[in-house]
Amino acid sequence: METFLQQLINGLTIGGFYAVVALGYTMVYGVLKLINFAHGDMFMWGTLTGWALLTTVFASLTDMDVIAILAASIVVLAFIGMMGMTIERTAYRPLRSAGRLSPIISALGAAFMLQAVARNASGARWRTYPEGLLAELPDLQLTGKVSLSGLQVLMLVICGAVMIGLYLFVQRTRIGTAMRAVSLDHDVSRMMGINVDRIISLVFFIGPALGGLAGLLIGIYYGSFNFTLGWVFGLKAFIAAILGGIGNIPGAVIGGFILGISETMVVAYGPDIGLADASAWKDAIAYVLLITILIARPTGILGETVAEKV
Amino acid sequence: MNQALKRLPRPAPWVWDAALLLLAVALPYLSFMDRSRTSLAVYAGIYVMLGLSLNIVVGYAGLFQLGHAAFFGLGAYTAAILSIEHNITILATIPIAALVAGGAAILVSKPILHLRGDYLCIVTIAFGEIFRIGVTNNAFGITGGSNGLFGAGRPEYPLPWISPVPEIVLVLLLIVYLLLTQRSGPVLQWGGAALVALAYFVLPPLGGHDQLFVLSMAMGLLAFVMVAFLRARRIGKTGQVIGLVVVVGVFLLFGALRGDPLAASIDGNVDKYFNIEDPVKVLGVEWTPVAFKRDARPYYFLVLGFIVLTVLGMRRLQNSRLGRAWLYVREDQLAAEAMGIDTTQIKLIAIALGSAWAGVAGVLYASRFTVVAPESFNFLQSVIMFCIVVLGGSGSIPGVLVGTLGMVVLPELLRDVGPTFLYEGAGPFVILALLLGGYLFAGRARGQAAVVEAGLMAAAFFAPALALGEAPLYVIGLFMVLVAIIVLPMLRRRIANPLPWLAGALAIYTIVMLAVGSQLGPDVEREVTAFRIMDWRDGLMGIAMVTMMVLRPAGIIPERRQGVVMSPVVETTDAAPAAAVQQAT
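Protein chains in written order, with the numbering used here: chain A, 1 to 310; chain B, 1001 to 1585.
Only chain B is shown next, with the shape it has when bound in the complex (with noise of 0.2 Å):
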């Protein structure tokens, strides 16, 4: 099967990146978002950005960081106090908050970085505690305590079409079009440009709105994806300019034709997601803010446009010079040393960066939430964002998106869930399934065997459920059926063929529960609805935390280029989950 599925044809990367984020930006907009939904995916998205922050130091330059925690708080704090004391509109305390989370990040690693892995890792838990009880006990006197700070700001900033927000953005989108276009011939360069401006200036008093200004500015940003087009696909001069102008024309008629509509559209969703605030007067210029309302959904785009500019940064990082030093120095520190790498330095400004990324997400989390508060910050979290980094694989940036579905998400959406789905619908069928079908594909049996045996547990699980028509039974089935998977490989180490005993143990296991099922059914179910999932949520959390390193301890999504600087041969991306394997059989 794994042969036929190499030989299908493989789409581009970018053809991934572009529906997922088609995914991302549409998600808002479906069925089952609620309000609540919509919240929790921004609650996502900033330990999103905090997982690939924290990628960078654990990751990318392979060093433990269990205080996380700390610089997210940091950042967080910062935000919320100079918003509250000083009245800083809470996007602008962005650099000011990374400054803090990465110069404190160097402050504290700058004496410790010379220490070895686990010594590392356990200053880092120190650090992070510290920080904890600094600001529950209320450190000089700004941290509020135990109780926290209240009444962060939410994102203010100015309206895109009032005068004078328009033109500065064209000048900047000039200078950046002219610094992009340098090597692309006196057309695309000059002539967009002078496109853009045009029409930057047209289509407003076309339509007859200045709201139509955010159109423009679409446009310009789309003149730059037809750029890289024209470019890619070297086409002429006469072409370039056909190309540029038909960009140009169809937004011009776009804003003649339906720039009312669009224009109302846009008052609309203002009045909807933000309050616009009276004029301040900022450099002898009069500036009118919008400020965020508490729904939801404009958090969403603007955490999304952080994740996504991260994204694009640790990619970059990634394959840059640094970030390859910072492979070498995980994979090999002596070696690395020997080739000229300034080992602490590139350590430390792993930790800088990472910190104050952390510290950018704290920004985000403060304008969300509003309350900062110390057990935000505790432990557990800097757990959690290990975990998200090394559940979903270490270094990898895929692996952090699942990670955090697995830490964040997926704990949350099971506060939903009712236990009963145990025994009612289709719940046990779906989990009997998966339970067999990771057997089967974990590689613990192999063969016809492992089919019999898979056959023989579900025969077990449905008999009794289904002769004595008691659904709960179901319950005792899984479980069962759980013991036997566990156990199998065990049996499987001492006796050749454990299938006679596989098959001795459900066949009494069914007659059994044929003989006592009727009473015991009704008892399961009233264990099963008294229990509540959500007492057993971090129990579960860490069970799936043991049970994902067993089966792959390079994470779920694995880095490619783990490995690949010591040797050629690029079998060792294998090597790790087979080792185990073979150790564990």
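Excised from the complex, chain A in its bound form (with noise of 0.2 Å):
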């Protein structure tokens, strides 16, 4: 039961991290119907440049690493933000309608470049983050065994409080209206006197800072990365977004969780079970897992049936 539970804590903080990928999949994929493959490489360059702000421009505020922590969101969040921005504009705007394929190339092209550029920007191999950040936050001790380290309270409350801020902002505000409006019909959007290409700027700030963001963080709790974290990381936050129906903002939290929390308790529970190697497998699960679950629901989770043409 403690490994249980330890277990998933583990995929909890894990699945948050998915979670707020996913967010700017399904945010995009809401309002164009594009799966826009370079977003795993803008959230594996919020990593890249958290690490380059934190070991040059703020390496000499280690000593005081929530302020130098601080200070690289707010620049990675502009900076992933403005890239996402600058992508849209050259990459998918002119493609809008073209037809689905495409965009489709368009985006892996623009990954690539984006790897190609963090490849040679960092070095093939691992980089680490400077050691001791945030290293003073308290444990917090649960029941004997099981215990969250401050590093992943601290996660947990951020991806928490990212999430329901852009739940909240998606729902409540009139921004947020004129993005549902415009996920919807964008002719109809327009009649109604809001600015499609506008609104769909702002998403693509919005899902890649937040990404961005996750990178950071990702880089923080892990400590090390290299340029494909992107790829490998961004394809299974899609897969989440999937899972809990794409284009439903509270369907890729649950997404996320699902499959940082499955992932997790395979690679503990894999030798029980009688699969000796689990963790050799460990990418495959979150295949396996979308598969099951779209021929089960082939809308996902959370999603909603709808008939592509009438």
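It should be emphasised that the hints constitute simulated quantities derived from the structure, not laboratory data.
The structure displayed is predicted, hence computed values, not measured ones.
Here a beta-carbon is modelled for each residue, glycine too, at the ideal position from N, C-alpha and C.
Some clues are possibly wrong.
What the hints assert, rightly or not - Short, incomplete list of chain B residues facing chain A, as computed with Cβ under 7 Å:
(1) 1115
(2) 1117
(3) 1123
(4) 1126
(5) 1130
(6) 1133
(7) 1137
(8) 1206
(9) 1210
(10) 1380
(11) 1541
(12) 1542
(13) 1549
(14) 1550
(15) 1553
(16) 1556
If you follow the hints, you should be able to join the two separate chains into one complex; please do so.
Given below as structure tokens:
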């Protein structure tokens, strides 16, 4: 029971990251019906930018690591957000009326480009974040052997805050209403006086910015990364978004947590159920989960069944 | 200019095919094709096969498939396992590999086919990744883990001039011949067959060499062409007899006169490219197999043969009942269903066929490289195949060829090119000409203004480098031209006449360059020589993918029949790019 609880906590933390990255996928899909393959790499750029800032510009601030991280977060949010807007402007906007195939290629191209620049900027080897970031946070001792490290608590709190904040923003504000309108129908939204291009730009700011923030947090949590991080993690986060029903914000959150928890659980309990090298198969779990859920519910857990064409 | 071009007589389509085929046959003998480039041609050929197979799924049926590498891998692994563990000659594994890949595709696709486009896309990615993870972790203990399998056999086949091969070939030839000439009248049908059979057994003894059976086979094939020609021209009975006798006579004469050197050259080529193996007994008959040596040329022709077969098959498929059904499903699934097409069945056939053919490509891959490892079948490979299809023009066969050149051949050739071409020799001028030419013809700017703009850019490009004698400044110049080309359309949206702004910017650029150029030149040179193009290959590919899609969303050579189903007006073919340009400007 204690290991179970401990693994549940670990899974929740990973799931939180998946969920925040999945939000970016789901928002973009909501307004454009486009799989933004470059999102994972923008997330990785968040890790990379954070690393670059914390090892150079803010390196002298590591004694006051909270301030350093806060400053880095703000820069990462702004930088990755702008990156997202630029990519939308150059690679996606000209293709908005060009069918479904071309934007996919364009998105993959943007992902390749971001990866190549990152590889040349940081080198192909693994990079490590400065040690001892936020190390003085107290651990939270639950029952007996089950404990939450201070870092885990912080990550869960930040992820939770981001998700709730975004949900409230989309549901309660005027701009959020406009976003929901755009995701339903571009033309009608335009007739209602919504500047569709601006809303899409905004979505491409918020999504990547949050992804970048998750990237920075993941860098702090794991301590090391390399340029391929975005691809693998991004794909899994996208699967999380699909699991929950893409285009649906609570769905992305649920999908993220399901994925994070099942991954941790399979690795932890794999040997007991006869899967000897469970950790080697860890990456396959997400895919198997995806296929099973989609066979049962073709539009994801919270997805609505809509006819494609009438 | 377009009008003048339209008035020129257009060659018949088969002229293009013949020219292309001739080029393909001659390619390995051209002077610039060294060993590594021939090898690259074989590699590219395998990707053409993969592109064509994926084209069925993505291009014809309009399904998203981003896990095609898994079926390619299934074919390769099947061939390697059968060849290593069970000692089956590798080309004989083709039907098994095709069945395994196609069957697996049916099994995994059946439950997910009802998913909508993007969901299907992500599920195919998932299958591709599961396959890769599975073989990396040595699933079932037969895949060799992350190192893969070594020592798959090279292709072997029986010598075509040692009994019983010639007799079998003759029987097959005659059966096909008689079937194909059913409606050609008795002279062509029976007379032709008799002459072919006669010559088949006269020619080799006449020349005194069994190797001349190869010539007899060529003659048999030529007889097909001859019959088709005689029929098409509606030539009378006497003419038909004369035509056939002439074909056979020419071959007999050639065999009698040139038989010795021909047989010697066949022998020489066999020693050069093949190993003659010990005879094996199959079904009580002795066969002498030959096996490919490492040299790439035999593989080149093997792959070329498969490509030709595939292309011919695809063309028939495109216009068949099935091909038209795919088109309907792709263009409008609901309407297709209403017309009584079983959409699930049709899609399943597309996936099974495409995957099976990818499995065949996998066998060719395994036989060529003899090593089969998981990393050759990862997601990047699937993406490359997908890009080959979509970049070239989804659904278009020439598009696949062009796409392969762009996605497989060009990046490999870039390996040899040093970055100094950016400022040495004719390099900068070629790039400038391409940039400005692209700018003028892309239609973003029209008329005199565009020409003046291009002239300004060119002037600013040349001035500093020529005045200071610092060629490396061309690199900065190219960069500036590129920026100008991208910024100008944006500028034009805000101000009617951006010319003064452009002129001002370029003047400032020129003055600054003239002032600091002599110090900047050596720095740029140092940076450029330190630049390794291979590090940026993927990035360049990415930029090219985005640019190509933005400029030509329907691909380089779009499929002709796009949109023909829904609207009788043909304008839809150009509607997509036009709309995209409208959006961008």
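Verification of the hints:
With a least beta-carbon distance of about 5 Å to chain A, the hint placing residue 1115 (chain B) at the interface is held under the 7 Å criterion. The interface hint given for residue 1117 (chain B) holds, since its Cβ lies 6 Å from the closest Cβ of chain A, which is under the 7 Å cut-off. Interface hint status for residue 1123 (chain B): upheld, as the beta-carbon distance to the closest one in chain A is roughly 6 Å, under 7 Å. Checking residue 1126 (chain B) against chain A by beta carbon gives a least distance of about 4 Å; that is within 7 Å, so the hint holds.
Interface hint at residue 1130 (chain B): satisfied, since its Cβ lies 5 Å from the closest Cβ of chain A, which is below the 7 Å cut-off. The interface hint given for residue 1133 (chain B) is met, as the beta carbon of that residue sits about 4 Å from the closest beta carbon of chain A, less than 7 Å. With a cut of 7 Å, the hint placing residue 1137 (chain B) at the interface with chain A holds, because the nearest CB-to-CB distance is about 5 Å. With 7 Å as the threshold, the beta carbon of residue 1206 (chain B) stays out of range of chain A, its nearest partner Cβ sitting at about 59 Å, so the hint is violated.
The criterion of a C-beta within 7 Å of any C-beta in chain A is not met by residue 1210 (chain B), whose closest approach is roughly 54 Å, and the hint is violated. The interface hint given for residue 1380 (chain B) is broken, as the beta carbon of that residue sits about 9 Å from the closest beta carbon of chain A, more than 7 Å. For residue 1541 (chain B), the interface hint holds, the least distance from its beta-carbon to any beta-carbon of chain A being 6 Å, beneath 7 Å. Among the interface hints, the one on residue 1542 (chain B) holds; its C-beta lies about 3 Å from the nearest C-beta in chain A, closer than the 7 Å criterion.
Taken as an interface hint, residue 1549 (chain B) checks out: its beta carbon lies about 4 Å from the nearest beta carbon of chain A, inside 7 Å. Interface hint at residue 1550 (chain B): satisfied, since its Cβ lies 5 Å from the closest Cβ of chain A, which is below the 7 Å cut-off. The beta carbon of residue 1553 (chain B) is positioned within 7 Å of a beta carbon in chain A (closest approach about 3 Å), and the interface hint is therefore held. The closest approach between the C-beta of residue 1556 (chain B) and any C-beta of chain A is roughly 12 Å, which is over the 7 Å cut-off, so the hint fails.
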